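Novice: Work the whole structure out from these sequences, hints included.
Protein chains in written order, with the numbering used here: chain A, 1 to 456; chain B, 1001 to 1269.
No lab work stands behind these hints: they were computed from the structure.
Just so we're clear, the structure is a prediction, and the values are computed from it rather than from any experiment.
Positions of the beta carbon are idealized from the N, C-alpha and C atoms, including for glycine.
Hints are supplied without guarantee of correctness; some may be wrong.
Just the calculated beta-carbon pair ranges, DEER-fashion [unchecked claim]: (1) A:V408 - B:L1054: 26 to 36 Å; (2) B:I1248 - A:G422: 53 to 63 Å; (3) B:S1114 - A:G245: 50 to 60 Å.
Below, each chain spelled out in residue letters.
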Amino acid sequence: MIGVRARKALFVLASRRFAVLTMVTMAGVLSLSALVPDLDTLEPSRVDDLLRASPLLVWIGRHLRPRDIVGSPLFLLLPLYLCAGIGYSLLQRVRAERKRGRGPSPGADRFRTERRFQVAAPFDGISLERQLRREGYEVISSGPDHVDAARGRRGFWGSIAFHVGLILILIGVIASIWTRFGGEVMLAEGFRIPFAVRSMFNVSGKSRFTARVPSEIAIRDFTAEYSPAGTPSDYAVILSVQRGGDVVKEQQVRVNQAFWWDSYQITLHRYGFAPALTASGPDGRVRLDGVAMLQLLPPGREDALRLEDGSRIVVRLYPDFVRIRGEPASRTLAPVRPVLLFRWVDEKGREVAAGSVERGARTAINGYTVAFPSLRYWGGFIVARDLGLWLFVVGSLLGSIGLAFRIVFPDQLIRTSWQPGGGAVEVRIRAGTRFFPALHEEQLDRLVSRVRMEGR
Amino acid sequence: MKPLEGAFLWGSIALYVATFVASMLSSLFRSPRARTAVAWCWPAALGLHLAAGLTRWTATGHAPVMYAYENSLSGSFFVGLIFFFVARRWAQALRALPVAVAAVLLILGNGLMSPARLSPLEPPFRSAWLVVHVLFAWVAFGSFLVASVIAGLYLRGERRARLEGSAAPAILDDICGRLITLGFAGDTVMIASGAIWAHGLWGRYWAWDPVETWSFITWLIYGVNIHLRFTLGWKGRKAALLALFSVITVVVTFFGIGVVSEVHTQLLR
Chain A
1 MIGVRARKAL FVLASRRFAV LTMVTMAGVL SLSALVPDLD TLEPSRVDDL
51 LRASPLLVWI GRHLRPRDIV GSPLFLLLPL YLCAGIGYSL LQRVRAERKR
101 GRGPSPGADR FRTERRFQVA APFDGISLER QLRREGYEVI SSGPDHVDAA
151 RGRRGFWGSI AFHVGLILIL IGVIASIWTR FGGEVMLAEG FRIPFAVRSM
201 FNVSGKSRFT ARVPSEIAIR DFTAEYSPAG TPSDYAVILS VQRGGDVVKE
251 QQVRVNQAFW WDSYQITLHR YGFAPALTAS GPDGRVRLDG VAMLQLLPPG
301 REDALRLEDG SRIVVRLYPD FVRIRGEPAS RTLAPVRPVL LFRWVDEKGR
351 EVAAGSVERG ARTAINGYTV AFPSLRYWGG FIVARDLGLW LFVVGSLLGS
401 IGLAFRIVFP DQLIRTSWQP GGGAVEVRIR AGTRFFPALH EEQLDRLVSR
451 VRMEGR
Chain B
1001 MKPLEGAFLW GSIALYVATF VASMLSSLFR SPRARTAVAW CWPAALGLHL
1051 AAGLTRWTAT GHAPVMYAYE NSLSGSFFVG LIFFFVARRW AQALRALPVA
1101 VAAVLLILGN GLMSPARLSP LEPPFRSAWL VVHVLFAWVA FGSFLVASVI
1151 AGLYLRGERR ARLEGSAAPA ILDDICGRLI TLGFAGDTVM IASGAIWAHG
1201 LWGRYWAWDP VETWSFITWL IYGVNIHLRF TLGWKGRKAA LLALFSVITV
1251 VVTFFGIGVV SEVHTQLLR
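Specialist: Below you can see the structure in the form of C-alpha cells.
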C-alpha cells in the first residue's frame, strides 16, 4: 500500500504539471514579497504606522522577504527538484531520439492536417521532392507513388541545449549559494593592507575565503575626472598585489574594469578624499598623525576622528572651498581648493578649539594645532568570488539559443502519395507538426501552390 | 533635448496619431484612402522615431538607454518595430494596429513627462553589457507587449467566430506563441547580461532588489506560458487569456516598480 502511494507521489512529482505548479508557486510567493517594502530600510516609526494601517503587509514584509525566501532550505530544494525533473526528461528525450534513428519524431504528428489536389499528368514526384528539400525537409522514404519527408532535427538539439541550459542555470544558482564570497576593503593611496578577511568589512561567506598565497594590496595614482559642472565623470586607480614588498601584479582599475587575483574579482566601487592630518595638543604631544578616509558626498559632511586620549576631532572637508553668505560651501566636487574645518572636542565633550586649515597649511587655536599637509584619495573595493556566475550565464545563453532553435525548427512531417485519376494525377499530402499548426498550414498551402504551378 | 531631436520626435508622434486615426477609419468604414494613409504614415512614423533616437545617441554619445525619457523612446520604438514586422508578415495582425499604436503613444507620453536632459553616462553605466542588457530588455518587452495585443485580437476574433459558427483565427494564436518565445529568449539574455554587468560592478550578480525580483517573476511566468503552450498543448482561448494576464508582470517590471513604491509612500504617510 505504501509502495503504491510512494509510486503515485513520485509520478506526481515527476509530472510536468507539477513542475509548472512549482514555478507558479515560486512566482506567486515572490510577487507577494516584492509588493511589500523592505522593512529594514524603513524607520521604526514608519513600520509602526504600517503595522496600524495593515498588519498583513507587515507580516509579509517580515516573513516573506525575497532574499530570505530564496535562502530558505525549502526554496533551495526547488532548484534541486527542477534539476532532477529536467535531467530525467532530458534522458527520456535522448533515449527516444536514439531509438527513432532516421525516422520521424513522434511529436511531429501532434497537429495533423491534410490536402488533396490534382496536377496534370504525368507526375513523377520529382518536383515535389525538390520543393520539400527546398523547404528544409529531409526525405526519409520515396517511391514511384509516394515521398515522405521530415524536418526539425536541429529543433531536437535545440531542445536538448535548452534543457542543459536550464540545468546549468540551476546548478549555477546552487553553486552561488554555496560558494559565494563577498567583502569590501577601503584603501588609501600609499598604504598596503593584507589581502585577507581581517582587512575587510561587510563580509559574507567568511569561511569561503581561501587565498592560496599570502599577499598584500596597495593603490597609487588615483585619478578622478570632473565634468564642467564639477561632478565626477570618471575615476581610476592603479591597484597592485605585492608579496614581500615586490609587486606581483599591477593594473589600472576603474568602474566596470575589474582586477582579478587568485580567482577573486576586485572592483572599484567608490572613492573619497583622504586628507593627511597631524594634530597636537597644547603640550606639543602629537595625538594624530595619519590619513582620514572621508566620504565624498555631500561635501562638508561631518566625520569624527577619535584620538587615543578620548578626545575627538570633528572634521568637514570642502574640496572646492567657498563662503556663500558667510557659510562654508563647496563649488564643485573637484579638489580645487580643499579646506578642512575642524572642531576639537575633549574627553568631557567640551569644544576646546575650532577653525579651518587649507591644504599645505597648519592652524593653531588655543594651543591646539592641526596640520593638513596633503590630500590623497581612498578607494572602496568589492572583493568577490562566485563560482556560480559563469554557469548561470552560460546556461542562460545556451537555454536562449536552444529555445530559439526549438521553435524555429519544430518537428514536422509530410507524407505524400499520388495516383492517376482520369487525365490528371491526384496528390494527397498528410502533414503533421509539433508546434504552430496554423503557421504550418500556411506553409503547406504555399507548398501545394508551388507544386501545382510546376505541374501545369 | 536638441531641436532636431524634438522635430523628429514630435513629427513621429504626429504621424503615429495620423496612423491611429487612419487605422480606426480603415477598420470602421473600410476606406481605401485610410488604408493608403496607414501604409504611408506608419513606416514614416517609425522612421522619424528612429531618427529621434539616433539624434539623441549622437548628442549624448551613448545609446538612449538612460533614465525614463530615453527608455520610453527606445522601448516604444521596439514595440512599434516588432509589431511592424509581425503585421508585414501576417496581414491578419494588422487589425490590432490601433491598439499597438496607442501603446506606443502611451509609452512615449510616459517618457515625455520626465526631463529629457542630455547627460553623459555616469561611470557605472559605461559598460558594453549595459547596451546588450537594455537592447534585449526592449526586445523582450516589445515581444511580450505585442504578443498580448495579438492575444487580445485573437480573443475578439474567437468570440466573433463562436457567435458566427466560423473558424477561430488560429494563426493569431501561433503568432502569439512565437512572440512569447522570442520575448522569453530576449528576457533570458537580458537577465544574463545584466548579471555579468552587475557582478563586474558590485561583485554580485543578483541581489533580489524589486526590479530583479520582478524580472525573475516575469521570466517564471513566461516560462510557465511556454511550458503550457508547447509541452502541455495549451492553445486558443486559454493560452490567449494567459498571455494577456502575463503582460501585467512585464508592465510592473518596466514601469510599475515606481508606482508600487508610490503606493507605499501613500500608505505610510
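Novice: Hint numbers the structure violates, sorted upward?
Specialist: Every hint satisfied by this model.
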